[in-house]
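2 protein chains.
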Amino acid sequence: MTAIINIFLKEGVLDPQGKATHHALDSLGFSGVDDVRIGKQIIIKLESEDKIEAEKEVHKMCDTLLANTVIEDYTIEIR
Amino acid sequence: MTAIINIFLKEGVLDPQGKATHHALDSLGFSGVDDVRIGKQIIIKLESEDKIEAEKEVHKMCDTLLANTVIEDYTIEIR
Numbered sequence: 001m002t003a004i005i006n007i008f009l010k011e012g013v014l015d016p017q018g019k020a021t022h023h024a025l026d027s028l029g030f031s032g033v034d035d036v037r038i039g040k041q042i043i044i045k046l047e048s049e050d051k052i053e054a055e056k057e058v059h060k061m062c063d064t065l066l067a068n069t070v071i072e073d074y075t076i077e078i079r
Numbered sequence: 001m002t003a004i005i006n007i008f009l010k011e012g013v014l015d016p017q018g019k020a021t022h023h024a025l026d027s028l029g030f031s032g033v034d035d036v037r038i039g040k041q042i043i044i045k046l047e048s049e050d051k052i053e054a055e056k057e058v059h060k061m062c063d064t065l066l067a068n069t070v071i072e073d074y075t076i077e078i079r
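Protein chains in written order, with our numbering: chain A, 1 to 79; chain B, 1 to 79.
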């Protein structure tokens, strides 16, 4: 199975990388951009064939290593 | 409209961040992981309400600033 994890800064947490990118797009003449936010996407290939178990395992991975849950939210999609 | 851009290293390009994460997951006792790849997800809020035009604009943004097309591939989803 494949797990696709998207990790983003929580609403209200300043995203300096996004702000810098927004600024750079403006400088390059891309007007019409309201907001830019940048996150991580992690794709994990798992040996497990059990979707529910895989999701549980990936949740644990996120909480212990992949995401900083103080400032980040994450979503998991198992395929 | 909202553009969701996923940027990943091309197949065959070494992903040291993914390798390190894979190793860390192993050390933490998460066996059953075959592969880890880490990319960026960029979410851009656009003023434009024209889907086709928005997609064209975002393609240009990726080619000029957001992605390094020598070593990275990207996908665009417009919502």
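Keep in mind the hints are simulated off the structure, nothing from the lab. None of the values given here were measured: they were computed from a predicted structure. Treat each hint with caution, since some may be false.
One copy or two, either will do: identical chains are not told apart, so a pair holds if it fits within one copy or between any two.
Claimed, not checked - Cut-off 20 Å, straight-line C-alpha distance, at most; resulting in silico cross-link-like pairs (SDA-like, lysine to any residue):
(1) K60 <-> G12
(2) K56 <-> P16
(3) K56 <-> Q41
(4) K60 <-> A20
(5) K40 <-> E53
(6) K10 <-> D26
(7) K10 <-> A67
(8) K45 <-> P16
(9) K56 <-> V13
(10) K51 <-> P16
(11) K19 <-> D50
(12) K40 <-> E77
(13) K60 <-> L28
(14) K45 <-> I7
(15) K56 <-> I7
(16) K51 <-> G12
(17) K40 <-> I76
(18) K56 <-> Q17
Please write out, lowest number first, the hints stated earlier that are contradicted by the structure. Failing hints, ascending: 1, 2, 5, 6, 9, 10, 11, 16 and 18.
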